[in-house]
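**Q** According to UniProt numbering, the sequence shown holds residues 1 to 811 in order.
Read the hints as simulated data drawn from the structure, not as lab findings.
Worth double-checking, as some hints may not be accurate.
[Unchecked claim] Within a straight-line C-alpha distance of at most 30 Å, the following computed DSSO-like cross-link-like pairs (lysine-lysine) qualify: (1) Lys324 <-> Lys303; (2) Lys227 <-> Lys303; (3) Lys324 <-> Lys600; (4) Lys306 <-> Lys227; (5) Lys600 <-> Lys772.
[Claimed, not checked] What follows is a set of in silico ranges between Cβ atoms, one per label pair, in the way DEER data are often shown: (6) Gly773 <-> Thr684: 43 to 49 Å; (7) Ala462 <-> Val493: 34 to 40 Å; (8) Asp436 <-> Thr684: 41 to 47 Å; (9) Glu84 <-> Asp764: 32 to 38 Å; (10) Ile442 <-> Glu84: 54 to 60 Å; (11) Thr428 <-> Gln581: 54 to 60 Å; (12) Gly345 <-> Thr287: 32 to 38 Å; (13) Thr287 <-> Lys227: 23 to 29 Å; (14) Gln24 <-> Gly695: 33 to 39 Å; (15) Gly345 <-> Gly292: 25 to 31 Å; (16) Arg458 <-> Phe642: 46 to 52 Å; (17) Pro325 <-> Gln24: 25 to 31 Å; (18) Asp764 <-> Arg659: 27 to 33 Å.
Just so you know, even glycine gets a beta-carbon here, dropped at the ideal spot from N, CA and C.
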Amino acid sequence: MSLLVRSPGPPAVRRPGGARAPVQVRSVVPGRQRWDVPAILGRPHLAQLVESALTAVDGIHEVRANPVTGRVLLLHDPRTAPREVARALGRCVADVCARTAAVSGGEPARDGARTDAGARRAAGGTAAGLSPLLIAGGGASAALALGCGKAAFSVLTQPLVALGLVTVGTTVVIRRAWRRSGLARSDPGAPDPGAPDPGAPGPGEPGPGRRRGQNAYLGMVAGRRRKFGVAASLSVLSQVVESGLFAVSAFTLMTVIRGGSTALTRLGVLGLGRQLAFLGTGIGAATLLLMGLSYSAGRTWHKLGKEVEHEWRTRTYDHVQRMKPSVLEDERASRIAQVLTEDVGQLGDFVGRTMHESIALVTCFGVMVGAYLLLAPQVAWAAMLPIPLVTWLSLRFHSRAVADHEAAGARKSQLYAQVVNNLQANQTVKASCTEDYEARRIGELSDAHCDAAHRTDRSALAQTHLVRLCAGATLPFTMLLGSRALFAGALTVERFAPLFDMPPAALWRLNRLGDITDEHQRALAAFDRVRYLHSLPVEADGEGEPPATRRGPGRITLENVTFAYPGRPPVLRNLSMEMAQGQVTGIVGSTGAGKTTVAKLLMRFEHPDSGCVRLDGRSVSQMSLRELRGAIGYVAQEPFLFDGTIADNIEYGTFAADRRRIVEAARKAGADTFIEALPDGYDTRVGERGAALSGGQKQRIALARMILNAPPIVILDEATSAVDYETEAVIQRALNAFAHRRTLIVIAHRLSTIRNADRIYVLDRGGVLAEKGTHEELLRSGGRYASLWNLQTGERAAGLPVVTQQNGRNS
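Using the sequences plus the hints, can you model the full thing?
**A** See the structure below:
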């Protein structure tokens, strides 16, 4: 958690029983706060009440409460004190909990344990519409008991009435499950849900978290709607042919039983043998056609899904690359990486698999209902009546399965974390003689994980067999009613035989309805997070001339620059500096004096609140980013190395350097000695973030990279702080030769690093310029610089450790 202003402190919600439900701050910046509120976890209704209550508070513009994550996002007037907003949150949550408890007669919310399987099952037990079904069932029973059964039966046998009732019941069940699941709501982690979407495919697309539905689905496949139409058509045709194949197979069986078919006889196919040959040929042709359509549909959907995933990943990464550094720092790197990998992958899987399944499911029921209404309307209600019940069972058991899977996943994570922790602390465990204790703990966690996994398996098996039971029960019921109609002369065998096997096959597909609904919701939430990244602002590129025309050294000036990070006091105040062309300029000062901030302003990672930064008389804000940053080589105190070889990291940015130039750059940076001592030399892999190298070795690799790029302006930000004095002297000699006719800016704590600089600027805390001059001039003045110099050299003369603060952080 990173707070850009002082945390307002977590208010606590007093619950009716006296227990405390802590409200924990996640992040606070001016105008935006994000909180963990366990009281709303798994309780969508309570989350809506909290939203309504907080929206009515003066100064709060927008509230997003998510019952899935248990988090609340507050967008408020930046002038409103953060503590006032925090107190309002605490009061509103406490009031809502109290009112809910008064109405329900019980405690409205649970604590953090609400996230386990039992609590989620309690929350999701009615999510799929249990109450309406119970009411409907009770009403139907009462009506039958009162003697209205015959009238109700006559109403149900009307095909269109039965279809309408089934449609309404199924829609209610699905809609209630969707709305109460909470997953249909977007993640409140997005700080500006109403922001414009510059990366959206078209102007008609909704913003994050709004108008999710058809527009969102079309937005996922933007630019590929023709291919989407082809894939959807193939899915429909494949399902129609599959249903037709089942119908022809059943018709063939009835033809064999009856010794022939009058319908085929009327078509001119005479004799049982010829009829069976005709039907067999049709079945074979339909099978081949089904295989071809199914393969084409699956391949088209899969290819479309991968194309959508690739397009959104590349577009989103390109946008992230161009985002403002300050915005990029505000967003967690893990969150962005999750969007680029998991969320974009979720979109690809949804398009490539779930859309295919959804269209096939709808087509299957459409074919079944149409066939019954056309061929056997007298028994259509019997085939359609179980649809709402099976839908409810699938959604209800799915909500339980999700809770059980989450519980099993949580137990597995705890077990994994404890095993890793024990292995990493192996020496401590052995030194404490606690091997038996840790073995018991692992055993207990393993038992808990196994119990949770057993509950998950039990729920899955129960769902599968109950749906299979309901699907199978329709077969004898439909056959009974069909046979009655056959004997009454209202229905012929030729019209009924192809239909009686359709309901079980269609109802069995509803076993996946809960998973499909969940995948729809997750895909919509993932798409919202992708588009939220596209809504974040990018860097203005400026209007500079082509970079190839500007490669000479430059004179850098800061004119009355003032700068403050959001929510903090100014780190630079009315600062004016000049870095002369072709000279070495040193910048020193205490931690927090703004030294690194000067480098960020030069690179346009940040923009001054007032004043101007110029390069050769031109404001850097008017230069193109490629022109500006291509002219500056920046080496940070903590350089970043990519997971590759040493040679790869040195040539990064040039990519075309031969081995001779790489070795020469390493030699000038003082890195050749330790590189050549490694078994693989320049082909040694450095590991993630250079984990295989020490801090000093990483700094020398970064210096070699800068030397190889040979920029006209060089910024060294504590670039030699992690090396010893002997190595530093070697690097200094190499830099002296390298810096010839280059503008060199050295930021340092160790004053010996900038002793020979042409001009030295001394910054005091708060970004105020305290002194400037050469080394000798500053020593003679007896000011801040002289005090630091005497402190460092005096300790060295006495043989004491050198106080250089070289491991401190710059600002």
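**Q** Are the hints correct? Go through all of them and say.
**A** Hint check:
1. Lys324 <-> Lys303: The hint is violated at about 34 Å.
2. Lys227 <-> Lys303: The given pair, whose Cα atoms are some 10 Å apart, holds under the 30 Å limit.
3. Lys324 <-> Lys600: holds (12 Å)
4. Lys306 <-> Lys227: Roughly 13 Å separates the two Cα atoms, so the pair holds.
5. Lys600 <-> Lys772: holds (21 Å)
6. Gly773 <-> Thr684: 43 to 49 Å: Between Gly773 and Thr684, where Cβ atoms are some 44 Å apart, the hint holds.
7. Ala462 <-> Val493: 34 to 40 Å: Given about 38 Å between the Cβ atoms, the range holds.
8. Asp436 <-> Thr684: 41 to 47 Å: Holds, since Asp436 and Thr684 (Cβ atoms, about 43 Å apart) stay within the stated range.
9. Glu84 <-> Asp764: 32 to 38 Å: This hint holds: roughly 34 Å between Cβ atoms.
10. Ile442 <-> Glu84: 54 to 60 Å: violated (48 Å)
11. Thr428 <-> Gln581: 54 to 60 Å: holds (57 Å)
12. Gly345 <-> Thr287: 32 to 38 Å: holds (35 Å)
13. Thr287 <-> Lys227: 23 to 29 Å: Because 27 Å falls inside the window, the suggested range holds.
14. Gln24 <-> Gly695: 33 to 39 Å: holds (35 Å)
15. Gly345 <-> Gly292: 25 to 31 Å: The hint (25 to 31 Å, Cβ to Cβ) holds, given that Gly345 and Gly292 are roughly 29 Å apart.
16. Arg458 <-> Phe642: 46 to 52 Å: holds (48 Å)
17. Pro325 <-> Gln24: 25 to 31 Å: Once the Cβ atoms are compared, 28 Å apart, the range 25 to 31 Å for Gln24 and Pro325 holds.
18. Asp764 <-> Arg659: 27 to 33 Å: Since the Cβ atoms of Asp764 and Arg659 sit about 47 Å apart, the hinted range of 27 to 33 Å is violated.
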